[in-house]
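Construct the entire structure; sequences and hints are all you get.
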Amino acid sequence: MVFFLGSIATAQMKTFAIEDVDSLMLKKEKPILILLSTDWCKYCQMQKNQLEKNKDFLMQSDKFYYVIFNAEGKDDIVFQQKTFQYKPTGLSSGIHELAVALNGSEKVAFPTWVLLDTKYQVLFRYNGVLKPLEIKELLKAIEASR
15 MVFFLGSIAT AQMKTFAIED VDSLMLKKEK PILILLSTDW CKYCQMQKNQ LEKNKDFLMQ
75 SDKFYYVIFN AEGKDDIVFQ QKTFQYKPTG LSSGIHELAV ALNGSEKVAF PTWVLLDTKY
135 QVLFRYNGVL KPLEIKELLK AIEASR
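The opening residue of the sequence shown carries number 15 in our numbering; numbering runs sequentially from there.
Capping the alpha-carbon separation at 25 Å, the derived lysine-lysine pairs in DSS-like fashion look like this:
#1 K154 / K28
#2 K67 / K145
#3 K150 / K62
#4 K62 / K28
#5 K121 / K96
#6 K121 / K101
#7 K56 / K28
#8 K133 / K96
#9 K28 / K69
#10 K133 / K41
#11 K96 / K42
#12 K28 / K133
#13 K56 / K121
#14 K150 / K77
#15 K28 / K150
#16 K150 / K133
#17 K41 / K154
#18 K88 / K28
#19 K69 / K145
#20 K42 / K77
Using C-beta positions, here's what the derived DEER-type ranges look like:
#21 A115 / K77: 19 to 27 Å
#22 E43 / G104: 37 to 45 Å
#23 K56 / G108: 17 to 25 Å
#24 Q99 / E151: 33 to 41 Å
#25 T29 / K56: 13 to 21 Å
#26 L38 / K154: 21 to 29 Å
#27 P102 / A158: 37 to 45 Å
#28 K42 / D70: 17 to 25 Å
#29 N141 / M27: 20 to 28 Å
#30 M27 / E151: 15 to 23 Å
#31 A31 / K69: 22 to 30 Å
#32 E33 / D53: 13 to 21 Å
Note that these hints are calculated values from the structure, not bench results. Cβ atoms here follow ideal geometry from the backbone N, Cα and C, with glycine treated the same way.
Here it is in C-alpha coordinates:
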(Lines of atoms letter the chains of each structure in order from A and count residues from 1; the text may use other names and numbers.)
(Lines give C-alpha, C1' and ligand atoms only; values in the text may rest on other atoms or scores of the structure.)
Protein backbone atom coordinates (compact mmCIF):
# COMPACT_ATOMS: atom_id res chain seq x y z
CA MET A 1 0.00 0.00 0.00
CA VAL A 2 1.37 3.38 -1.00
CA PHE A 3 0.35 6.65 0.63
CA PHE A 4 0.89 10.01 -0.95
CA LEU A 5 0.94 12.96 1.34
CA GLY A 6 -0.02 16.06 -0.53
CA SER A 7 1.61 19.26 0.49
CA ILE A 8 -0.66 21.69 2.18
CA ALA A 9 -0.03 25.24 1.11
CA THR A 10 -0.02 27.51 4.11
CA ALA A 11 0.98 31.11 4.24
CA GLN A 12 3.90 31.88 6.51
CA MET A 13 4.07 35.04 8.54
CA LYS A 14 7.17 36.95 7.57
CA THR A 15 8.50 39.60 9.89
CA PHE A 16 11.14 42.19 9.12
CA ALA A 17 13.68 43.91 11.33
CA ILE A 18 13.02 47.63 11.75
CA GLU A 19 16.60 48.41 10.75
CA ASP A 20 16.03 46.71 7.37
CA VAL A 21 12.88 48.64 6.44
CA ASP A 22 14.63 51.65 4.87
CA SER A 23 16.58 49.46 2.43
CA LEU A 24 13.51 47.31 1.72
CA MET A 25 11.50 50.43 0.89
CA LEU A 26 14.13 51.43 -1.68
CA LYS A 27 13.54 48.12 -3.47
CA LYS A 28 9.76 47.98 -3.11
CA GLU A 29 7.54 50.49 -1.36
CA LYS A 30 4.86 48.98 0.86
CA PRO A 31 3.00 50.14 3.95
CA ILE A 32 4.77 49.28 7.21
CA LEU A 33 2.87 47.65 10.07
CA ILE A 34 4.75 47.83 13.36
CA LEU A 35 3.89 46.03 16.57
CA LEU A 36 5.57 47.69 19.55
CA SER A 37 6.00 45.00 22.16
CA THR A 38 8.27 43.73 24.93
CA ASP A 39 9.55 40.33 25.98
CA TRP A 40 7.46 40.37 29.17
CA CYS A 41 4.15 41.52 27.64
CA LYS A 42 1.64 38.66 27.79
CA TYR A 43 -0.91 40.55 25.70
CA CYS A 44 1.73 41.10 23.01
CA GLN A 45 2.45 37.37 22.90
CA MET A 46 -1.26 36.61 22.79
CA GLN A 47 -1.68 39.02 19.85
CA LYS A 48 1.26 37.46 17.98
CA ASN A 49 -0.24 33.99 18.47
CA GLN A 50 -3.62 35.20 17.20
CA LEU A 51 -2.02 36.68 14.08
CA GLU A 52 -0.17 33.45 13.32
CA LYS A 53 -3.58 31.78 13.06
CA ASN A 54 -5.44 34.61 11.32
CA LYS A 55 -5.93 33.51 7.70
CA ASP A 56 -6.73 37.00 6.42
CA PHE A 57 -3.58 38.42 7.99
CA LEU A 58 -1.42 35.60 6.65
CA MET A 59 -2.86 35.79 3.13
CA GLN A 60 -2.32 39.55 2.88
CA SER A 61 1.04 39.72 4.65
CA ASP A 62 2.90 40.11 1.34
CA LYS A 63 1.24 43.52 0.86
CA PHE A 64 3.08 45.19 3.76
CA TYR A 65 6.21 44.97 5.85
CA TYR A 66 5.34 43.51 9.25
CA VAL A 67 7.75 44.52 12.00
CA ILE A 68 7.72 43.33 15.59
CA PHE A 69 9.78 45.88 17.50
CA ASN A 70 11.03 45.22 21.03
CA ALA A 71 10.46 48.59 22.68
CA GLU A 72 13.03 47.73 25.33
CA GLY A 73 15.79 46.64 22.94
CA LYS A 74 19.16 48.15 23.76
CA ASP A 75 20.71 48.34 20.27
CA ASP A 76 21.05 51.65 18.44
CA ILE A 77 18.80 51.68 15.38
CA VAL A 78 19.02 53.84 12.29
CA PHE A 79 15.55 54.50 10.88
CA GLN A 80 14.89 57.15 8.24
CA GLN A 81 18.51 58.30 8.49
CA LYS A 82 18.20 59.07 12.21
CA THR A 83 19.83 57.11 15.03
CA PHE A 84 17.56 56.07 17.89
CA GLN A 85 18.88 54.73 21.20
CA TYR A 86 17.73 52.93 24.31
CA LYS A 87 17.09 55.30 27.19
CA PRO A 88 17.22 53.88 30.74
CA THR A 89 14.36 55.00 32.98
CA GLY A 90 15.42 53.13 36.09
CA LEU A 91 17.89 50.62 37.44
CA SER A 92 16.79 47.78 35.17
CA SER A 93 14.18 49.44 32.98
CA GLY A 94 14.04 51.72 29.99
CA ILE A 95 12.54 52.33 26.59
CA HIS A 96 13.85 52.75 23.09
CA GLU A 97 13.61 56.24 21.58
CA LEU A 98 12.17 54.74 18.39
CA ALA A 99 9.28 53.19 20.33
CA VAL A 100 8.49 56.60 21.83
CA ALA A 101 8.73 58.28 18.41
CA LEU A 102 6.45 55.71 16.77
CA ASN A 103 4.02 55.80 19.69
CA GLY A 104 3.74 59.57 19.47
CA SER A 105 3.89 59.91 23.26
CA GLU A 106 6.26 59.26 26.16
CA LYS A 107 3.64 56.95 27.70
CA VAL A 108 3.94 53.77 25.68
CA ALA A 109 1.49 50.93 26.35
CA PHE A 110 1.90 47.42 25.01
CA PRO A 111 0.98 46.20 22.55
CA THR A 112 0.88 49.29 20.35
CA TRP A 113 0.15 49.10 16.64
CA VAL A 114 1.48 51.66 14.18
CA LEU A 115 0.73 51.67 10.45
CA LEU A 116 2.96 53.84 8.26
CA ASP A 117 2.29 54.57 4.61
CA THR A 118 5.01 54.40 1.95
CA LYS A 119 6.08 57.95 2.87
CA TYR A 120 6.44 56.97 6.56
CA GLN A 121 3.36 58.95 7.58
CA VAL A 122 1.29 57.50 10.44
CA LEU A 123 -2.05 56.22 9.14
CA PHE A 124 -3.12 54.31 12.23
CA ARG A 125 -2.03 54.03 15.83
CA TYR A 126 -3.69 51.83 18.42
CA ASN A 127 -2.76 50.84 21.97
CA GLY A 128 -4.08 47.39 22.84
CA VAL A 129 -4.94 43.99 21.44
CA LEU A 130 -6.72 44.01 18.08
CA LYS A 131 -9.83 41.85 17.84
CA PRO A 132 -10.38 39.79 14.65
CA LEU A 133 -12.81 42.34 13.21
CA GLU A 134 -10.34 45.15 13.94
CA ILE A 135 -7.60 43.16 12.17
CA LYS A 136 -9.86 42.97 9.10
CA GLU A 137 -10.38 46.74 9.23
CA LEU A 138 -6.63 47.26 9.56
CA LEU A 139 -6.02 45.06 6.52
CA LYS A 140 -8.54 47.16 4.57
CA ALA A 141 -6.65 50.31 5.60
CA ILE A 142 -3.40 48.73 4.41
CA GLU A 143 -4.97 47.86 1.07
CA ALA A 144 -6.35 51.39 0.70
CA SER A 145 -2.94 52.94 1.42
CA ARG A 146 -1.16 51.06 -1.37
